[in-house]
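**Student:** Chain residues, written in single-letter form:
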Amino acid sequence: MYEIVAFYLFSALTIGLFLITVLSKNVLYAMTSLAAGMVLISGFFFLLGADFLGVVQLIVYVGAIMALYSFAMMFFDATRDIKEKNTNNTWVFLLGGLSALVLVLMFAGPIYSENIQALYPMHEGVGNAQDVGIVLFTKYLVPFEVAALMLLVAMIAGIILAGKKMDDSLTEDLSADDEIMTAKDEK
Amino acid sequence: MIGLSHYLIVSAILFSIGLVGVLRRRNLLMLFFATEVMLNAVNIAFAAISHYYNDLTGQMFAFFIIAVAASEVAVGLGILIVLYKKHGSLDLDDLANMRG
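Protein chains in written order, with this note's numbering: chain L, 10 to 196; chain G, 117 to 216.
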């Protein structure tokens, strides 16, 4: 019973919050509602018995990615409302029709694949974290390492891109140092 | 009782919301937010299928999607900061200076 209530509550709240994210004119509102929607999505994962995935969602999405967005917000003017021109409508309708077709194909997919067999079945009496760990470090070890390498490359790229022209420090005023030095020299 | 189709429908609705955002917004930061919405919707579908087919593969793919999303955000925000320093705005129409 509680599963039904939780499912409908979470889905209504997530849909509402993500609608705010997509339709809002203010960046700050959009980011806050996106963070709240991600917390509720981790609730979906807990409902589905994917405990570890839910914890990862909370830590990585809500903890890391949203913190990254809010740090990046310091560089942009977040309080100003965004003014946007409406785009060419024919393109929107064309792309919308194409994506509707893709959506129909996605829903038709499971009908044609009724005889799916579980490749890595879950074990009874074993926690989700242990199960995930065993499969991740045996069957998916190479993709795991590749993902680690990709995150390293992304980290270096982020540092280099965002850190350009930051070799002169923003916090300490170098000209003030110079003035002190020249004053000492004059003495 | 909540079945697989319930979760798939919620996931499809969230995905369409993200798609509307990608098609409609002209601000690059808002485009990033819409992409995050779409990635999260797909994660819900993966977790639901993993639960109802009793298979861990869906959860594995959701983990890798989260890793891809994290690196995408790191690189993308770096590019956005460089663009903002150069142009002073994140609007796609202002950035369309390569039109032939």
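Think of the hints as simulated: they come from the structure by calculation, not from any bench. Don't take each hint at face value.
Stated by the list, open to error - Here chain G is said to cover these stretches of chain L; the calculated rule only asks that three of the stretch's residues, wherever they fall, bring their Cβ under 8 Å from a Cβ of chain G: (1) 16 to 23; (2) 39 to 48; (3) 61 to 75; (4) 102 to 111; (5) 156 to 163.
Claimed, not checked - Which residues of chain G face chain L? A partial, calculated answer using Cβ under 10 Å: (6) I129; (7) I160; (8) Y168; (9) D171; (10) F179; (11) F180; (12) A190; (13) G192; (14) V198; (15) L211.
Said to hold, decoys possible - The following label-pair restraints were derived from C-beta to C-beta distances: (16) I129(G) - I68(L): 24 to 30 Å; (17) E133(L) - L139(G): 22 to 28 Å; (18) N170(G) - L104(L): 34 to 40 Å; (19) G134(L) - L199(G): 40 to 46 Å.
Every residue gets a Cβ at the ideal spot worked out from N, C-alpha and C, and that includes glycine.
**Student:** All hints are to be evaluated individually against the structure, with a verdict given for each.
**Tutor:** We went through each hint and held it up to the structure:
1. For the region 16 to 23 of chain L, the stated coverage by chain G holds: 3 residues have a C-beta nearer than 8 Å to a C-beta of that chain, and at least 3 were required.
2. With 5 residues having a beta carbon nearer than 8 Å to a beta carbon of chain G, the region 39 to 48 of chain L meets the requirement of three or more and the stated coverage holds.
3. By the rule of at least three residues with a Cβ nearer than 8 Å to a Cβ of chain G, the coverage given for the region 61 to 75 of chain L holds, with 8 such residues.
4. With 3 residues having a Cβ less than 8 Å from any Cβ of chain G, the region 102 to 111 of chain L passes the three-residue criterion, so the hint holds.
5. Using a Cβ-Cβ cut-off of 8 Å, 5 residues of the region 156 to 163 of chain L lie near chain G, which meets the minimum of three, so the contact claim holds.
6. Below 10 Å, beta-carbon pairs count as interface contacts, and I129(G) has one with chain L at about 6 Å; its hint therefore holds.
7. Hint on I160(G) holds. Least Cβ distance to chain L is approximately 5 Å, under the 10 Å limit.
8. Against a cut-off of 10 Å between C-beta atoms, the interface hint on Y168(G) holds, since the closest Cβ of chain L lies about 9 Å away.
9. Checking D171(G) against chain L: minimum C-beta separation of about 4 Å stays under 10 Å; hint holds.
10. Look at F179(G): its Cβ gets to within about 7 Å of chain L, closer than 10 Å, so that hint holds up.
11. Among the interface hints, the one on F180(G) holds; its C-beta lies about 6 Å from the nearest C-beta in chain L, closer than the 10 Å criterion.
12. Nearest Cβ of chain L to the Cβ of A190(G): about 4 Å, under the 10 Å cut. The hint holds.
13. At a threshold of 10 Å, the smallest CB-CB gap from G192(G) to chain L is about 9 Å, leaving the interface hint in force.
14. For V198(G), the suggested interface contact is upheld, since its CB lies about 6 Å from the closest CB of chain L, less than 10 Å.
15. At about 13 Å, the closest approach between the beta carbon of L211(G) and any beta carbon in chain L exceeds 10 Å, and the interface hint on this residue is violated.
16. Checking the proposed 24 to 30 Å range against I129(G) and I68(L) shows it holds: the Cβ atoms sit about 26 Å from each other.
17. The supplied range of 22 to 28 Å is broken by E133(L) and L139(G), whose beta-carbon atoms lie about 45 Å from each other.
18. Judged by the Cβ atoms, the range 34 to 40 Å given for N170(G) and L104(L) holds: they are separated by roughly 37 Å.
19. Range check, G134(L) to L199(G): Cβ separation about 52 Å, and the 40 to 46 Å hint is violated.
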